[in-house]
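Given these sequences and hints, build the entire structure.
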Amino acid sequence: MNNVTLAKNIFSTLKNTFRAILGVLVTVEKKSRVFGRLRRAPENFVSEQFASDVYEHGMDETRRGFLRKSFVTALGAATAGGAVSSALAADGEKVILEKQQWQTTLGQPVAARPYGAPSQWEAALQRRESPGLTRVSAASVAFAPLQGFFGIITPNGLHFERHHQGWYDIDPAQHRLMVNGLVKQEKVFTMDDLMRLPSVSRIHFIECGANTGLEWGNVAVPSVQYTHGMLSCCEFTGVPLSTLLDMCGADLKKGKYILAEGGDGSGMTRTIPLDAALKDTLVCWAMNGEMLRPENGYPLRLVVPGVQGVSWVKWLRRIEVGDMPYASKDEAVHYIDLLPSGLHRQYTTIQECKSVITTPSGGQQLLDKGFYNISGMAWSGRGKIKHVDISVDGGNNWRRARLETPVLSKAITRFNMDWTWDGSPAILMSRATDETGYVQPMVKQLREVRGTRSIYHNNSIQAWKLDANGELSNVQVG
Amino acid sequence: MFKLANQLTKALVVAGLSATFVTTAFAQSKYSGIGREATKAEVAAWDIDVRPDFKGLPKGSGNTLRGQEVWESRCASCHGTFGESNEVFTPIVGGTTKEDVKTGRVASLTSEKQPQRTTLMKVATVSTLWDYIYRAMPWNAPRTLSVDDTYAVLGYILSMAEIVPEEFTLSDKNIADVQKLMPNRNGMTQSHGLWNEGGKPDVKATACMTDCSKHVTIGSFLPDYARNAHDNLALQNRPYGPYRGVDTTKPPLARLPGKMTTVAMGADSITPAGLFKKHNCSTCHAPASRAIGPAISEVAAKYKGQADAMKKLHQKVKVGGAGVWGSIPMPPHAHVPEGDIDVLVKWMLTGQ
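Taken in sequence, the protein lines are chains Y and U.
Take the first sequence: its letter number 348 is residue 348 in the numbering used here, and every next letter is one higher.
In the numbering used here, each residue's number is its place in the second sequence (first place is 1) plus 478.
Hints are computed from structural coordinates only; laboratory data are not their basis.
Treat the hints with care, since some could be wrong.
[To be verified] In the DSS-like style, the derived pairs of lysine-lysine whose C-alpha atoms are separated by at most 30 Å in a straight line are:
id, chain 1, residue 1, chain 2, residue 2
1, Y, K279, U, K508
2, U, K658, U, K580
3, U, K824, U, K755
4, U, K533, U, K580
5, U, K755, Y, K256
6, Y, K256, U, K678
7, U, K824, Y, K256
[Unchecked claim] Sample of chain Y residues facing chain U (criterion: CB under 10 Å; computed from the structure):
id, residue
8, S137
9, G213
10, G217
11, A220
12, T269
13, E471
[To be verified] Okay, the calculated bits of chain Y under chain U, using three or more residues with CB under 8 Å as the criterion:
id, region
14, 340–354
15, 430–442
Heads up, the beta-carbon is just placed ideally off N, CA and C, and yes, glycines get one too.
Now the structure itself:
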């Protein structure tokens, strides 16, 4: 298939999709019962010149993006126009009655895309910044689109990002890990060395300590991507830190803490209590079956289960065993929690039990009444999720949700609940309980202890208001 | 910082105290051939952390006069002349008083009126500042300050906050005395349950199941003006499946829409605006307003009609420049690919 044919095929595919919508548009326009009749060619959404340009040069990303934008604008007009009738013609749907492009032409060969990519139809789900949150994108956050996730695993390309001084794609042949301090022998490991060691693979969540931090005082952002999107969960593969400490002969009597240090310009440094370091901390090179992504610390990062993301030091270059906390910049200027007394809590690191309904959630639109699956994520830095309760009436009454397997310690657990919406306003909330018996609190309870300027560790219950028009929005109850 | 650890270890082993180490000879030989001993020079090169007890602090000193020079040439472009700037990062200086220096608690932290918490309002340990400046500053050229310049510039920052006198020489000899002047030195607590996995939570909620809250009130919601502040949510959700994204460019729908279809949006392609962000140009330049550097519109106006504008500006981006738009120099950007510079310069000049 040459390029021109391919371009024509793609355009034709789009055209078929356009037709379905166009049918709707025309129906609305004419208020007629003649469903699905084509009155305008899809080319009418765009200029003739653009259409011929596509025929001639094919559909690159710029052209595709432009086309979709024109299209969504047309759709917006239809939605705003009021009730939209079904595009079902008298004898059935065109997508069934007519042969489609993908049924009548040859598809693409194997390895057309040697490293696979998501479908072109999935482009709406991307990591995004929250406008105005930071001034410099190299010291910022890109939030994961939780509203589009399924199950418990975060796809590598959508794992949230948080960098303090930009990211680098470091040559693994030039990367080193040093272990020093209170050890018998200070050592240097190459990636060759580390990857020879016996590895383990474990599924854990990673959550930034500031996740939901924008919402301490009041509602500030519209959707779950921005309220909770500094959260991801992957299968991480690496060597237990205890193995490396053992190999170096760490002094477990005098040693009380470790310092983990990153190899980037920020030289991120975080103190981790030795107990946690020995218990389940991993020195990892892989996520979800492939090497770490550069944005996530390629080729080596620390994984500290249950602990806030900043301690999962990326581009890990050094572990030092010491006998006191280090009060590094991100434990003495940032990542400290202000109390109403004016004191700051230092070394707050555990991510307590938390949950959120991801679908339906703020910024989403229900099209109709009827059956829905309420679905969300629950996690705890202190172990497994025991149960999740869901309220659709603003927290007055609660029902227990189904927990989907696997239910793992310090990992996201997916929950679901059947729900039939009768079309009346509702407020949807989820409340998780972990295996220690700790129950996720209301924001009011947290504020009573920590005030409203704490920034970090907001694990309160999230509420989504559903209006009669089917729109969901972010609210705080009580 | 444990540069003496090896000698110490050897001494202990000789003294027959090796049993105090959990590791056995077996554990070390189990993974034979993996890893090697770090050399002293390697440890010295990488072990740059400075602890609150000043372990790891290199010997040296610098006065505030030199500190001011360093500040104005390397730091002020982001942090402002007086360390007060909120343009790029949160402010460093401000919000502390002479009284705070006496008490070691920053009084303004209890006030809701204080608009922003500055670094010096928060930080309790002067070691943190020394470590961080030496480790990670300046932001776009970390680890390029000498030990003495780090002392000098830290002293200058502290003098701007009136923690030390205007003319002052900070050194490894007197830094422990300066610690006793840090305005928030008594402002930290580690007494909470969030440090260790077994820590005690500070709230205890109950899992009530029925009739828990008969009068549900909404305490906070997103104001109308913020509806589209995160761009159109319709384009941030799948265009099929159980839910659509709300079209936030428009007011809420009057009623339930019923079934409808839509199509996916394309990914943002690499546009000049994307490159502008990728190469961190937006740190200093805004489209139409003066930031640290001139606005794009100002540059376009200045070079309008000049035949060699492309070439001139390409060179300025690449090797840097000074004096055209005020005292703050444009740093060199040798790492930005030539092709990207061309795209960016053309975009600045023509908008395309």
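Here is what the structure says about each hint:
In summary, the hint linking K279(Y) to K508(U) is supported, as the alpha carbons are separated by about 21 Å, within the 30 Å threshold. Under the criterion of a C-alpha separation no larger than 30 Å, the hint pairing K658(U) with K580(U) is consistent with the structure, at around 9 Å. Taking the CA atoms of K824(U) and K755(U), the gap is near 16 Å; set against the 30 Å cutoff, the hint holds. Of the pairs offered as hints, the one joining K533(U) and K580(U) holds, with about 26 Å between alpha carbons and a cut-off of 30 Å not exceeded.
A hinted pair counts as satisfied when its Cα atoms are at most 30 Å apart, and K755(U) with K256(Y) does not qualify at roughly 42 Å. As the CA atoms of K256(Y) and K678(U) are separated by approximately 20 Å, the hinted pair is consistent with the 30 Å bound. Proximity of K824(U) to K256(Y) is assessed by CA-CA distance (about 57 Å); at most 30 Å being required, the pair is judged violated. The closest approach between the C-beta of S137(Y) and any C-beta of chain U is roughly 6 Å, which is under the 10 Å cut-off, so the hint is satisfied.
Nearest Cβ of chain U to the Cβ of G213(Y): about 14 Å, over the 10 Å cut. The hint is violated. Interface restraint check: G217(Y) against chain U, minimum CB-CB distance 8 Å, threshold 10 Å, status holds. Nearest Cβ of chain U to the Cβ of A220(Y): about 8 Å, under the 10 Å cut. The hint holds. Restraint check, T269(Y) versus chain U: the minimum CB separation of about 6 Å is within 10 Å; hint holds.
The beta carbon of E471(Y) comes within 5 Å of a beta carbon in chain U, closer than 10 Å, and the hint placing it at the interface holds. Figure legend: the region 340–354 of chain Y, annotated as covered by chain U; annotation consistent (12 residues with Cβ-Cβ distances under 8 Å, at least 3 required). For the region 430–442 of chain Y, the stated coverage by chain U holds: 7 residues have a C-beta nearer than 8 Å to a C-beta of that chain, and at least 3 were required.
When each numbered hint is compared with the structure, violations occur for hints 5, 7, 9.
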